[in-house]
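Engineer: Each chain, letter by letter, is given below.
Protein chains: 2
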Amino acid sequence: MAQFPPKLFFRQLFDHLGSSTYTYLLADEDSKEAILIDPVKDQAERDEKLLGEFGFTLKYAINTHAHADHISATAILKSKLPGVKSVISTSSGGDADVHVKHGDVIRFGSFQLECLSTPGHTSGCTCFYFGAGNCVFSGDVLFIRGCGRTDFQGGSSEDLYDSVHTHLFTLGDTTVVYPGHDYKGMLMTTIGEEKRLNPRLGMGKTKEEFVAIMKGLNLPYPKLLDVAVPVNLKDGREE
Amino acid sequence: MAQFPPKLFFRQLFDHLGSSTYTYLLADEDSKEAILIDPVKDQAERDEKLLGEFGFTLKYAINTHAHADHISATAILKSKLPGVKSVISTSSGGDADVHVKHGDVIRFGSFQLECLSTPGHTSGCTCFYFGAGNCVFSGDVLFIRGCGRTDFQGGSSEDLYDSVHTHLFTLGDTTVVYPGHDYKGMLMTTIGEEKRLNPRLGMGKTKEEFVAIMKGLNLPYPKLLDVAVPVNLKDGREE
Numbered sequence: 001m002a003q004f005p006p007k008l009f010f011r012q013l014f015d016h017l018g019s020s021t022y023t024y025l026l027a028d029e030d031s032k033e034a035i036l037i038d039p040v041k042d043q044a045e046r047d048e049k050l051l052g053e054f055g056f057t058l059k060y061a062i063n064t065h066a067h068a069d070h071i072s073a074t075a076i077l078k079s080k081l082p083g084v085k086s087v088i089s090t091s092s093g094g095d096a097d098v099h100v101k102h103g104d105v106i107r108f109g110s111f112q113l114e115c116l117s118t119p120g121h122t123s124g125c126t127c128f129y130f131g132a133g134n135c136v137f138s139g140d141v142l143f144i145r146g147c148g149r150t151d152f153q154g155g156s157s158e159d160l161y162d163s164v165h166t167h168l169f170t171l172g173d174t175t176v177v178y179p180g181h182d183y184k185g186m187l188m189t190t191i192g193e194e195k196r197l198n199p200r201l202g203m204g205k206t207k208e209e210f211v212a213i214m215k216g217l218n219l220p221y222p223k224l225l226d227v228a229v230p231v232n233l234k235d236g237r238e239e
Numbered sequence: 001m002a003q004f005p006p007k008l009f010f011r012q013l014f015d016h017l018g019s020s021t022y023t024y025l026l027a028d029e030d031s032k033e034a035i036l037i038d039p040v041k042d043q044a045e046r047d048e049k050l051l052g053e054f055g056f057t058l059k060y061a062i063n064t065h066a067h068a069d070h071i072s073a074t075a076i077l078k079s080k081l082p083g084v085k086s087v088i089s090t091s092s093g094g095d096a097d098v099h100v101k102h103g104d105v106i107r108f109g110s111f112q113l114e115c116l117s118t119p120g121h122t123s124g125c126t127c128f129y130f131g132a133g134n135c136v137f138s139g140d141v142l143f144i145r146g147c148g149r150t151d152f153q154g155g156s157s158e159d160l161y162d163s164v165h166t167h168l169f170t171l172g173d174t175t176v177v178y179p180g181h182d183y184k185g186m187l188m189t190t191i192g193e194e195k196r197l198n199p200r201l202g203m204g205k206t207k208e209e210f211v212a213i214m215k216g217l218n219l220p221y222p223k224l225l226d227v228a229v230p231v232n233l234k235d236g237r238e239e
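Protein chains in written order, with my numbering: chain P, 1 to 239; chain L, 1 to 239.
Misleading hints may appear alongside valid ones.
Pairs count within a copy or across copies, as identical chains cannot be separated in the list.
Heads up, simulated EDC-like pairs for lysine to aspartate or glutamate below, C-alpha to C-alpha not over 16 Å straight-line [to be verified]: (1) Lys215 <-> Asp30; (2) Lys7 <-> Asp173; (3) Lys184 <-> Asp42; (4) Lys184 <-> Glu48; (5) Lys184 <-> Glu45; (6) Lys195 <-> Glu53; (7) Lys7 <-> Asp95; (8) Lys85 <-> Asp95; (9) Lys215 <-> Glu53; (10) Lys49 <-> Glu193; (11) Lys207 <-> Asp159; (12) Lys101 <-> Glu114; (13) Lys78 <-> Asp95; (14) Lys80 <-> Glu193; (15) Lys49 <-> Asp162; (16) Lys234 <-> Asp97; (17) Lys85 <-> Glu33.
None of these hints come from the bench; they were simulated from the model. Please read all numbers here as calculations on a predicted model, not as lab measurements.
Could you build all of it, start to finish, from the sequences and the hints given here?
Structural biologist: Next comes the structure, spelled out in structure tokens:
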């Protein structure tokens with residue numbers, strides 16, 4: 001289990017309206033500074049209410065990548081909550097107030113997240129490691145017994161395999177993985193679990209085996225890709 | 001946050017297929033004894049797989065009450081996993097291998113849950129307090145900023161108000177509440193939050209105000225009530 005430090009407020013939230021996205025709220029209960037990871041436009045009202053209930057000030061609205069399945073809440077949160085800064089990786093090619101790269105640190109109150117560049121699902125995917133809570137927010141890179149698809153937006157199965165094995169599977173086995181999605185009602189996993197049980201990336205699978213698995217998926221074209229990606233590359237602005 | 005003790009495996013699971021039920025898996029990692037709270041028939045395969053992945057032996061499949069919105073997985077789990085015992089309260093009037101009442105203790109490995117009799121949503125509702133993890137499984141009694149309906153199955157707004165104020169709001173403010181459902185993508189709350197923010201039961205609401213709120217809800221008749229309740233009173237057996 002993630003063992004969160006005192007004064008760290010944490011909440012996992014689920015988009016039950018369509019995208020099955022997990023949004024994460026973290027806040028410092030002392031300074032009241034908060035961040036959201038992967039907020040969803042359709043859930044912005046819920047998230048804004050939750051922030052208000054605790055008197056939190058949203059400092060950063062972070063996207064792990066330019067999403068293809070939902071519109072980010074960054075633009076709407078910025079319009080409603082003055083001072084919020086959006087965050088995305090430089091390598092995503094997307095607009096944001098703050099661009100991050102591997103090794104950068106995102107601070108809120110007395111806490112911090114470490115940026116891990118983990119391309120593969122998209123070329124700009126970033127995971128966020130929260131050492132004080134023994135957990136990592138894995139976006140669409142590593143899922144529970146699965147992973148993000150690699151067949152569009154600069155995706156690369158080779159890169160995803162390397163990202164997971166270099167930056168995630170090297171974390172401790174007890175590190176909790178909070179994914180960007182789950183489609184089976186699972187909420188979290190651990191690095192140790194995925195090394196042992198992930199049928200694509202764990203269980204001793206080689207890079208060649210992984211590439212073959214991904215090639216064989218034959219996934220349908222994402223319904224919202226043509227709508228969501230251009231908007232999300234503009235920081236969630238629907239112009 | 002719930003701070004789970006070492007060797008306690010915990011997983012919150014969501015039924016995304018229709019009922020929005022939360023199922024909870026708790027296990028002792030040493031003895032491998034596990035329990036499930038409110039397993040859902042449609043998710044039995046997922047839950048059985050998860051138990052198998054960790055080598056857990058399911059000791060108890062517990063229902064917080066006779067559900068009206070989904071069929072319990074107790075019967076199917078009992079047929080697939082020998083030795084499982086189903087649990088429900090005596091006051092539910094339902095079949096089960098083990099009947100519990102207020103103050104009873106459910107043991108798995110070196111851990112235990114305490115049964116709290118909390119009628120109101122139904123006459124047989126039971127919450128389960130897990131002191132070692134500073135959390136309570138609140139079934140359909142207390143929801144996040146809400147509560148279960150009180151207009152059928154022996155439901156009583158007066159009883160629900162008394163149950164919450166006598167047995168839940170008297171727990172510590174930091175006690176995490178894991179509800180039986182949420183319909184907005186929220187996953188958990190705390191006793192302190194609900195005392196402060198629950199618009200029906202907290203915020204200084206009197207019993208009379210609560211009764212009036214519940215009377216005014218005019219909820220639709222539950223789609224599955226006539227199917228699910230008779231089956232769940234027979235321990236999930238579809239005969």
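Engineer: Decide, hint by hint, whether the structure agrees.
Structural biologist: Hints, verified against the model:
no.: 1; hint: Lys215 <-> Asp30; result: neither (48 Å within a copy, 40 Å between copies)
no.: 2; hint: Lys7 <-> Asp173; result: between (25 Å within a copy, 14 Å between copies)
no.: 3; hint: Lys184 <-> Asp42; result: between (21 Å within a copy, 11 Å between copies)
no.: 4; hint: Lys184 <-> Glu48; result: between (27 Å within a copy, 13 Å between copies)
no.: 5; hint: Lys184 <-> Glu45; result: between (25 Å within a copy, 11 Å between copies)
no.: 6; hint: Lys195 <-> Glu53; result: between (38 Å within a copy, 13 Å between copies)
no.: 7; hint: Lys7 <-> Asp95; result: neither (32 Å within a copy, 44 Å between copies)
no.: 8; hint: Lys85 <-> Asp95; result: within (11 Å within a copy, 55 Å between copies)
no.: 9; hint: Lys215 <-> Glu53; result: neither (46 Å within a copy, 27 Å between copies)
no.: 10; hint: Lys49 <-> Glu193; result: between (34 Å within a copy, 13 Å between copies)
no.: 11; hint: Lys207 <-> Asp159; result: within (10 Å within a copy, 59 Å between copies)
no.: 12; hint: Lys101 <-> Glu114; result: within (10 Å within a copy, 48 Å between copies)
no.: 13; hint: Lys78 <-> Asp95; result: within (13 Å within a copy, 54 Å between copies)
no.: 14; hint: Lys80 <-> Glu193; result: neither (40 Å within a copy, 24 Å between copies)
no.: 15; hint: Lys49 <-> Asp162; result: neither (39 Å within a copy, 28 Å between copies)
no.: 16; hint: Lys234 <-> Asp97; result: within (11 Å within a copy, 58 Å between copies)
no.: 17; hint: Lys85 <-> Glu33; result: within (12 Å within a copy, 47 Å between copies)
In the structure shown, a violation is registered for the earlier hints numbered 1, 7, 9, 14, 15, in ascending order.
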